[in-house]
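S.K.: Take a look at the letters that make up each chain.
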Amino acid sequence: MVTITIDGTEVQVPAGELLIKAAEDSGTYIPRFCWHRRMNPVGMCRMCLVEVEGPRGIMLTPSCTMPVNDGMVVHTKSPTVEKAQEGVLEFLLLNHPLDCPVCDKGGECPLQDQTLSHGPGESRMVEEKRHYEKPIPISDLVLLDRERCILCARCVRFSEEISGDPLIEFMDRGNAAEVNTFPDEPFASYFSGNTVQICPVGALTASAYRFRARPWDLREVASVNPLTTTGDGVTVQASQNEVLRFLGVDNDATNHGWLDDRSRFGFEWIASPDRLATPLAKSGDGHTEVSWGEALGAAAENLSAVIEAHGPGAVAAIGGARGTNEDAYALASFMRSSVGSPNLDARLDDGLGTHLLSSLAGKGEIGDLETARTVLVWAADLKEEHPVLYLRVRRAAQELGATLITVHPTATGLADRATHTVTYRPGEGHDLLDRLRAGSGDLADVRAALDEGPVVAIVGRTGLAEDPALAEAVTAFARDLPQASVLPVVRRANTYGAIDMGVAPDLLPGRVAAGGDAGHTGWEKADTSVGLDTRGILEAAADGRVKALLLVGADPLRDVPDADLAARALDAVDVVISIDCFLTDSTAKADIVLPALGFTEKEGTVTNLEGRVMKVNRIVSGPGQARADWSIIDDLAARMGRPLGFESAEAISLAIAEHAPAYGGITWFLLDWKERDGVVAPRDGVEQPLQYIPTTSLRAVGSGGAKRGGFALHLGRLLYDDAVLTRQGASIADLAPGAYAVLNPTDADRIGANGHVEVDGHRLPLRRDASLAEGTVAVPFNQPDGPPLGGSSHVDVAPGAGA
Amino acid sequence: MIVEALTRRMNAHPTDSHTMERYLETGGYEAARGAITKTRDELVETVKESGVIGRGGAGFPAGLKWSFLAPARPAYLVVNGDESEPGTFKDRQLLERDPHAMVEGIIIAAVANEVHHAFVYIRGEYPKPARRVQQAVADAYAKGFLGKGIFGGDYDLDVTVHLGAGAYICGEETALLNSLEGRRGEPRLKPPYFPAAKGLYMAPTIVNNVETISNLPYIFGEGVDWYKGLGHEVDTGTFLMSISGHVNKPGNYEVVHGITWRELIYGVAGGIRDGKELKAWVPGGASAPWFVPEEHLDLPITKDETGKQGSMLGSGAVIVMDEDTDMVAAAERLVRFFAEESCGQCTPCREGTTWLDLILQRVLHGGGREQDIDLLMDVSDNISVGLGWPPKQTTICPLGPSAVSATLSLVKHFRHEVEEHIGRGTPVTISGVSS
Ligand SMILES: Cc1cc2nc3c(=O)[nH]c(=O)nc-3n(C[C@H](O)[C@H](O)[C@H](O)COP(=O)(O)O)c2cc1C
Ligand code: SF4
Ligand code: SF4
Ligand code: FES
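Going line by line, the protein sequences match chains A and G.
So the first sequence is numbered by our numbering: it starts at 1 and just counts up by one.
So the second sequence is numbered by our numbering: it starts at 1001 and just counts up by one.
No lab work stands behind these hints: they were computed from the structure.
One should not assume that every hint holds.
[As the list claims (entries may be wrong)] Here are the computed distance ranges between Cβ atoms for each label pair:
| # | chain 1 | residue 1 | chain 2 | residue 2 | range |
| --- | --- | --- | --- | --- | --- |
| 1 | A | L98 | G | M1377 | 41 to 49 angstroms |
| 2 | G | G1144 | A | E428 | 34 to 42 angstroms |
| 3 | A | D113 | G | G1182 | 35 to 43 angstroms |
| 4 | G | R1415 | A | E82 | 26 to 34 angstroms |
| 5 | A | D172 | G | G1152 | 46 to 54 angstroms |
| 6 | A | E399 | G | L1299 | 50 to 58 angstroms |
| 7 | A | A770 | G | Q1361 | 52 to 60 angstroms |
| 8 | G | G1124 | A | S771 | 46 to 54 angstroms |
| 9 | A | G27 | G | Y1155 | 57 to 65 angstroms |
| 10 | G | T1037 | A | S771 | 49 to 57 angstroms |
| 11 | A | D217 | G | F1060 | 39 to 47 angstroms |
| 12 | A | S123 | G | R1415 | 38 to 46 angstroms |
| 13 | G | Q1361 | A | G106 | 30 to 38 angstroms |
Think of the CB as a built atom: it goes at the ideal place given N, C-alpha and C, for glycine as much as any other residue.
All chains, please: the whole structure from these sequences, using the hints.
M.R.: Here it is in structure tokens:
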């Protein structure tokens, strides 16, 4: 710390900090436009000028580029400073259209605010202002009004420095300088919405929010992004009981204020007219609306009958990752205690081992990336599956100088920042791991880099055709690297929270292994043995051992890679009960459909990939008669004569704090009032019963499914796909690119493919990518009109007919 | 008054001074051959002793600059041949007529700064000079003066010639480095991006003007004493002045510091065209405050004296204006240049220079108002805080603050002309309100 004097008051500030930040943190706000605390300073707008006393007299200096040093004397309100600030504001307003009444930013605009506090009362310019066509769409989601732009370059710097897709730039110079995209190249960034949020004027606006509201009409609540597992802080804003906007909140531990566009604009599903508002019962080919009493009565009766006839194990539940931890805890309690079945799973056969995900000994945190010397990413393409983590890894490599190694069947979104881009043919990962461990051949450099700690390893399934055992083996390897911090990653929403709550065949609430001591659970009688996972449940259903399926926010027909198996299972079971927000392909087959509240419609907690527990909040009431999952489940249990006795979500949270060991002491009160950025479970001093150390032997690693052809299949996911919440968000629904097949150019030429290929008989447009290993075909999973390839590890590829 | 050092060869051999044959025949490359046997310290010391100052405009002593080079390697040398300031055309002559002097200077500067890759950045509108330089570089490679093991020794040196794309701001050294790296030509923040510490590709870099570099073969060839003996006791050596405007003999002249402006304008440049009266002149490039005969004609041309009078010699561009010049029009033209050439990063420079130009245009076209003179001064003050000389640098580079010089000079020396324009016109009417 050093001591500086700001406007006559001495304050202690961290040495080397930029003056603008040091001043703000110690109570003096210096006006600014271009400076942003998550980006490097550029000193362009000149709004933050202050006077600093120095050896050569008093100097007028931008405070955003000036680091503090001991004894510095600063004046932020002297007449010279005020004149300079007035001058800059007058300059900025010279050409500003002052169309505030029709500007989305009006009311929350730094230019308006600072003009009021620091600006001249009027403009002395009598000449004609600069004119541009306004506004011009620069992507599907963002519009640009160059007349309003004050050329602060925040958008330009964000896309260069943070997201790494520099598609928006300054053009021309002087008076003609403007921000724009390149001819014929739209601002097609996964992160474009961030520029709308950080633009200090209304130059960049989002089509989803244009003319929808004025800021003073919005109510807002702090929450957590429901579409990713990174735990991104968001502010949810609503007006007249409708959610209108998501803003990123700067959570130091997770998202640094950034959101991907799917998360930012994906909220539109909340107000979709397709939301389920009334319970439904099957009648003929369709459903009819029924009352809650009828629906729950029928559901309870059906389930009881199955238990009676086939035993509790014939009931199974899939899903639960779309809800809160409280919902998940209710589901786990219901299945294991009320029903007495251990067959439940929040993963949809797309995940990793639950012990790895929830209870890895010495698991890392996202923040470890700030001090990492080496970062290993052996997982899905982070840009597509974990956008905010992708930004944090980019930052580590680009701004903090870490050595970045990616291991994936293709080059990934991180390729431009990776020191080593290692690719392999799917199915040969174990071989690669062996060679990496030995540092043999061309992997010697990579191996050497991995010996430079601290190492952060981000580990996951690179694609859905890959055996999850590989990630276990990679984790076992990575844990032993110097000062290693390992983050096992999966993509879907609250998977981590649901598993921690025991929506898993082999875990009990609070990170306790199933099959062992279950004294802590507080359940009077329960089946705490190891049950079936989603694949096991579907197989058992398909051959008649499971008779009733409870789907909780799950659409196995689309979400489970092996869609064929899911279809056979749903057809074979006697009873399907679905708790969901939408009538999906799978819920359409349900006997009883129970309408559920979604995020922003209920309060509770969620857990991110670090194990960080965070609070989500309610701001709108939800459609019609929809109810929270926990309340539906509680009612169902009571009607089955096996009551759980949950009275509110908060009451459940107290039960969690009591009965889920790793969550000891984590209460809503703590999260609401003290730990706004969330707390990583377990808290200090609380013990986590299961400390999982993966030991998977490489020989056990197989390939993820049936070999049906000669090409290894890489089945990765893209940010935009055909998942129901994406499909239901009007702004983002059309952004999924559709299915295609990728081949190495050598393979494409060898088989004579051009334009299209047939993959297991499905005709797909062909793309070429030299980074993809030969003998491999990559197809994105769950694209609109995509082929059902899941369940295979190898497929047939033939030249497309008519190509 | 006119001396011959840098211009000796081109004056003696007007048709082929640019060729390798002529250069070798007139003692070329001997200085470089000698220099490569010396240590960095010895070479830097010699340049310091010679007192040669940078000719790119800022007038910074070259030897001192070299001694600031950070120790990290690789280091780069960049020769600034962007020469785009109105009235400046001296580097063009050096590049076109004596490119080998620069190449030889590059070899000396490279060895002195432990550089193995040098770049020459030439303004895009200089195709012929650029071709000559490219030929000279190719010839030097062919002779083994550049490339691997130059002069048969073990020092490697590559030279890359690069053409700009027509932006004045790319003459500012950090904008030049951005441009050379393929980025947008806009100045970098100093600190932290001082070229000598973090320059080209973030490596330590020396940026010197073409003329500065072209002096080196003479300093090393003929000796420091000879070089110092040529000129003024403080401002040593000779320097090239580009004289344009209403004089009888516009052109480039090699002179020594210490002669008076009268000697330069009436002697060297042959006096004012058509026997007219001298009204004012720009003493050192478009950003230099103007001089007027009543106050400045008999002052000696030295860096210090010009500075004391509130102006600068800059890059040696003298623009002479006769009695018929409309000073408002002259100021407007200069301000327009800066408004168009501002890179657009800093608010005061981007917006302020354009506004000044709009006001001056309005005054010129009969729309002037009484308050416009105060407005011009206040807008200038908001661009160049305090209106001092040299300007306080409150923007990223000096372009913005120095762009107000013409306006200030206009109001200071020719206020009555502005008032006349205003008096002659009809006030503009905006939205029905007379203002
Ligand atoms: C706006 C601006 C334009 C400049 N243009 C040139 C130029 O065209 N040529 C040049 O040599 N220096 C120019 N300079 C000066 C350079 O930044 C730098 O100081 C010079 O190249 C250093 O060389 P020297 O030390 O040999 O003078 C310019 C500076 C500014 C601020
Ligand atoms: S569009 Fe907005 S963020 Fe981008 S430069 Fe203009 S004002 Fe700044
Ligand atoms: S002063 Fe002008 S030219 Fe220089 S960096 Fe700023 S805007 Fe660009
Ligand atoms: S905030 Fe410092 S110059 Fe813009």
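S.K.: Work down the list of hints and note, for each, if the structure agrees.
M.R.: Do the hints match the structure? See the list:
no. : hint                                    : in the structure
1   : A/L98 with G/M1377: 41 to 49 angstroms  : violated, 26 angstroms
2   : G/G1144 with A/E428: 34 to 42 angstroms : violated, 53 angstroms
3   : A/D113 with G/G1182: 35 to 43 angstroms : holds, 38 angstroms
4   : G/R1415 with A/E82: 26 to 34 angstroms  : holds, 28 angstroms
5   : A/D172 with G/G1152: 46 to 54 angstroms : holds, 50 angstroms
6   : A/E399 with G/L1299: 50 to 58 angstroms : holds, 52 angstroms
7   : A/A770 with G/Q1361: 52 to 60 angstroms : holds, 56 angstroms
8   : G/G1124 with A/S771: 46 to 54 angstroms : violated, 37 angstroms
9   : A/G27 with G/Y1155: 57 to 65 angstroms  : holds, 58 angstroms
10  : G/T1037 with A/S771: 49 to 57 angstroms : holds, 51 angstroms
11  : A/D217 with G/F1060: 39 to 47 angstroms : violated, 58 angstroms
12  : A/S123 with G/R1415: 38 to 46 angstroms : violated, 25 angstroms
13  : G/Q1361 with A/G106: 30 to 38 angstroms : holds, 33 angstroms
The structure does not agree with the numbered hints 1, 2, 8, 11, 12 stated previously, though it agrees with the rest.
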